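Novice: Chain order of the listed sequences is A and U. Using our numbering, you'd call the opening residue of the first sequence number 2 and step up by one each time. Using our numbering, you'd call the opening residue of the second sequence number 400 and step up by one each time.
Keep in mind that the hints were calculated from the coordinates and are not lab data. If you're wondering where the values come from, they're calculated on a predicted model, not measured in any experiment. Hints may be right or wrong, so weigh each one.
As the list claims (entries may be wrong) - Pulled from the structure, derived: some chain A residues nowhere near chain U, Cβ distances all over 12 Å:
id, residue
1, Leu13
2, Pro14
3, Thr18
4, Ala20
5, His21
6, Glu54
7, Thr62
Stated by the list, open to error - According to the in silico footprint, chain A covers these stretches of chain U (three or more CB under 8 Å from chain A):
id, region
8, 428 to 439
9, 446 to 460
10, 476 to 487
11, 507 to 520
Stated by the list, open to error - With the Cβ distance kept under 8 Å, some of the chain U side facing chain A (calculated, not the full set):
id, residue
12, Arg464
13, Leu499
14, Ala540
Even glycine gets a Cβ: it sits at the ideal position worked out from N, Cα and C.
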Amino acid sequence: MNVTINGNPCRLPEGATVAHAVEVLTSAVAGVAVALNDEVVRRGAWDSTPLGENDRVEVLTAVQGG
Amino acid sequence: MTSVTEPRTADEKRDAGPADDALALGGETFASRLIMGTGGAPSLEVLDEALAASGTEITTVAMRRLDPSARGSVLDVLRARGVKVLPNTAGCYTAGEAVLTARLAREALGTPWVKLEVISDERTLLPDPIETFDAAERLVADGFVVLPYIGDDPALARRLEQAGCAAVMPLGSPIGSGLGIRNPHNIELIVEAAGVPVILDAGIGTASDAALAMELGCDAVLLASAVTRARRPGLMAAAMKHAVTAGRMARLAGRIPRRRYAEASSPAIAAGAHE
Numbered sequence: 002m003n004v005t006i007n008g009n010p011c012r013l014p015e016g017a018t019v020a021h022a023v024e025v026l027t028s029a030v031a032g033v034a035v036a037l038n039d040e041v042v043r044r045g046a047w048d049s050t051p052l053g054e055n056d057r058v059e060v061l062t063a064v065q066g067g
Numbered sequence: 400m401t402s403v404t405e406p407r408t409a410d411e412k413r414d415a416g417p418a419d420d421a422l423a424l425g426g427e428t429f430a431s432r433l434i435m436g437t438g439g440a441p442s443l444e445v446l447d448e449a450l451a452a453s454g455t456e457i458t459t460v461a462m463r464r465l466d467p468s469a470r471g472s473v474l475d476v477l478r479a480r481g482v483k484v485l486p487n488t489a490g491c492y493t494a495g496e497a498v499l500t501a502r503l504a505r506e507a508l509g510t511p512w513v514k515l516e517v518i519s520d521e522r523t524l525l526p527d528p529i530e531t532f533d534a535a536e537r538l539v540a541d542g543f544v545v546l547p548y549i550g551d552d553p554a555l556a557r558r559l560e561q562a563g564c565a566a567v568m569p570l571g572s573p574i575g576s577g578l579g580i581r582n583p584h585n586i587e588l589i590v591e592a593a594g595v596p597v598i599l600d601a602g603i604g605t606a607s608d609a610a611l612a613m614e615l616g617c618d619a620v621l622l623a624s625a626v627t628r629a630r631r632p633g634l635m636a637a638a639m640k641h642a643v644t645a646g647r648m649a650r651l652a653g654r655i656p657r658r659r660y661a662e663a664s665s666p667a668i669a670a671g672a673h674e
C-alpha cells in the first residue's frame, strides 16, 4: 500500500501498522511521537493500529529550537 | 506611593515570595528564574556549555519530523544536565497545528507542559493572538500546563490567565531581534494585573535587557539567541544568570524614585558653610 511518512511517499506491505512506518525511519522509540492523519497514536497502540491506503504518518521528535 | 500600612497588592505579595524566593510555576518550584531556549546553538557541545553556565532548570525544545541522519539528541543534553524539558510549538501558524504539536510533544516527552507559540508570519515571527487564544483554551481543556507566548498586550494576558494558562509570556521585541524591551510600560501593566507568573520571552539582546525584565517585575526570563548567537555563548549565559539574579534582587529591594533634581546623600550643611 502507498502511504506518506514525514512527507515522503513510501510503499509498505498490506497489513502494515504504525509501528512498521516508524521502523522505516528509526529503531529508537524514546522521545518519538506519531500522528496518523493528524491524530496522535499512543505508543502502546502502534503495533495494533493498521495503516490504510494514502495514510499520512508523521513521526516527530524534539530538536533544538524556540 | 506605598507604605507598609497599606494593603499589599497581589503583585507585592507575589514579589515577597517564599523565604528562598523560588519561582513557583505550574505547581512546581525552581531556584533559577532563567529559562533557556535551544535555537541557534552551533552545536550540542556549545549548547551544553551554555546551559551549564546559565544555571537554568527549564529549557525549551521544538518538535520536528524525525531526521534519521541527525547526530546526537538535544534531549540527551538536557537530561544529562537534569534540566526540565519544556516543549514548544514553534513553527505553528494555526491553533490546530499547535494543539496537535502539543499533543505529540506530550506523547514523545511525557510532559503536559507546553510553551504555546503560534506565529502570524515568517518575517516578524510575531505571535497571532487569535490563534494563540484558541489553542490555549483547547489545551487547558485537555489538561496541559500552558505557557503562551504573546505580544506585550495586557488585555490578552488577562484573558489568557482567565482561560487557565499557568503563566503568560509577553515578548520584549521580536524573536531573535535583540532589540530588548520596546514597551516596558506594557510589561509593567501585565505584571501589575497578573495572578500567574509573567515570563519575558523574546527580544533579549544582552544582560541589561534581562535585568530590566526582572526589575519591571517579571517572574522569569526566557532567552535563546542572545546566548546561542553570542560570540562566546558560555560567557553570555553566565552574564544572563547574574543579570536575572541582580534584576530580581533589585525588584525585591525596591528602587528609589526617579527625581528631576539632585538629592544630597551627604549632610545638607558642611561644617563652616554659610557662616
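Novice: Each of the hints needs a verdict: does it hold here or not?
Specialist: The hints, checked one at a time:
{"no.": "1", "hint": "Leu13", "in the structure": "holds, 16 Å"}
{"no.": "2", "hint": "Pro14", "in the structure": "holds, 20 Å"}
{"no.": "3", "hint": "Thr18", "in the structure": "holds, 17 Å"}
{"no.": "4", "hint": "Ala20", "in the structure": "holds, 14 Å"}
{"no.": "5", "hint": "His21", "in the structure": "holds, 15 Å"}
{"no.": "6", "hint": "Glu54", "in the structure": "holds, 22 Å"}
{"no.": "7", "hint": "Thr62", "in the structure": "violated, 5 Å"}
{"no.": "8", "hint": "428 to 439", "in the structure": "holds (count 4)"}
{"no.": "9", "hint": "446 to 460", "in the structure": "holds (count 3)"}
{"no.": "10", "hint": "476 to 487", "in the structure": "holds (count 3)"}
{"no.": "11", "hint": "507 to 520", "in the structure": "holds (count 4)"}
{"no.": "12", "hint": "Arg464", "in the structure": "holds, 4 Å"}
{"no.": "13", "hint": "Leu499", "in the structure": "holds, 6 Å"}
{"no.": "14", "hint": "Ala540", "in the structure": "violated, 16 Å"}
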